[in-house]
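Take the sequences, apply the hints, and build the full model.
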Amino acid sequence: MAGVAPKERRTALQILSYIGLIYAALAWGSTFIMVKSAAMETGPLLLVAYRFGVAGLVMTLYLLLAGTPLFHHLRAGVGLGALIALMYITQTVGLVYTSATNSGFITGLFVVFLPLFVFLFERKGPTYRDGAVILLALLGLWLLTGGLHGANAGDLITVVAAAAYAAYIPLVDRALRDGARPFTLLTQSFVVTSAIAFLGAVMLRESFSAGNVNLWGVIIFLALVPSLSAYLAQFFAQRYVLPLAVGATFLLEPVFATLFSVYWGKEPFSDMQFTVGLVILLAMAASVDWKRASRGEAA
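According to my numbering, the sequence shown is numbered sequentially starting from 302.
These are calculated hints, taken from the structure and not from any lab test. Heads up, a few of these hints could be off.
To be verified - Pair ranges (Cβ atoms, derived):
(1) LEU366 x PHE575: 42 to 50 Å
(2) LEU417 x LEU579: 22 to 30 Å
(3) VAL397 x LEU421: 29 to 37 Å
(4) SER510 x ARG475: 34 to 42 Å
(5) VAL397 x LEU525: 22 to 30 Å
(6) TYR363 x TYR398: 33 to 41 Å
(7) LEU505 x LEU358: 20 to 28 Å
(8) TYR363 x GLY518: 15 to 23 Å
(9) GLY518 x LEU362: 14 to 22 Å
(10) SER571 x MET341: 20 to 28 Å
Using N, Cα and C, we set each Cβ at its ideal position, and we do this for glycine too.
This is the structure in structure tokens:
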């Protein structure tokens, strides 16, 4: 953008960042029904291992060809990889037991968890509004799952995925501010995620069957679109958009997840689910300080 004033250039980059974040939300939202089906065909941990193994291999080859160091800020890459592993293993295992629609809404609750992790990482205490939002989100979660007696194992496991992603966003922001290279950081994260998932699959004795052509087509899609391209879009965006605004944009993910699950996956979607979904989206939206997010301020 030669010849463009710094302020105008930054505005243009922020617009591109938001477009990238919306794309990432769309890509991730499209995967819930797809992952649910694939996880039934192969082990859930193996699916995560294959998915991020392919993405990590592509990124490693790119870095080698580009002559980019592979071990720059390795500690941050390992930490983020462990969080991605926790997030996707719990989400994928959860999808075996719950609907893609439920998984999308519960995963979206990461926005509500963000203030808690901001407090842990930055020692900035949650506000009364944060407390009210968490209670509203818990109400929505209770209604969605039917409470302690109605919630299945998949619903409860998916809450862990939401918490892991809430921790992931501010840690990405910290790593990028510390000078980590986005491509290197992402490569390290993917390799670590794949390694952890493979280890888990071995420990749980999942079957290492080759699968069929359709399954590998799904795995390659998951590796290249929602894993590789969507995370690259997020990493690019977080250089110009701070975590609060990132979380606000990702409110779209459960909406996309529901649309794909209902219209493509043919999952039933009752009036009660619609109402509860609105409650959860309201909680997610209320967790964002929209005035500060629009100014690009930190959480």
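These are the hints, each one checked on the structure:
1. LEU366 x PHE575: 42 to 50 Å: holds (49 Å)
2. LEU417 x LEU579: 22 to 30 Å: holds (23 Å)
3. VAL397 x LEU421: 29 to 37 Å: Taking Cβ atoms as reference, VAL397 and LEU421 lie about 30 Å apart, which means the hint holds.
4. SER510 x ARG475: 34 to 42 Å: With a Cβ separation near 40 Å, SER510 and ARG475 satisfy 34 to 42 Å, so the hint holds.
5. VAL397 x LEU525: 22 to 30 Å: Once the Cβ atoms are compared, 24 Å apart, the range 22 to 30 Å for LEU525 and VAL397 holds.
6. TYR363 x TYR398: 33 to 41 Å: Distance hint for TYR363, TYR398 holds at roughly 36 Å.
7. LEU505 x LEU358: 20 to 28 Å: holds (23 Å)
8. TYR363 x GLY518: 15 to 23 Å: holds (22 Å)
9. GLY518 x LEU362: 14 to 22 Å: Given range 14 to 22 Å: holds, Cβ gap about 20 Å.
10. SER571 x MET341: 20 to 28 Å: For MET341 against SER571, whose Cβ atoms are near 23 Å apart, the range 20 to 28 Å holds.
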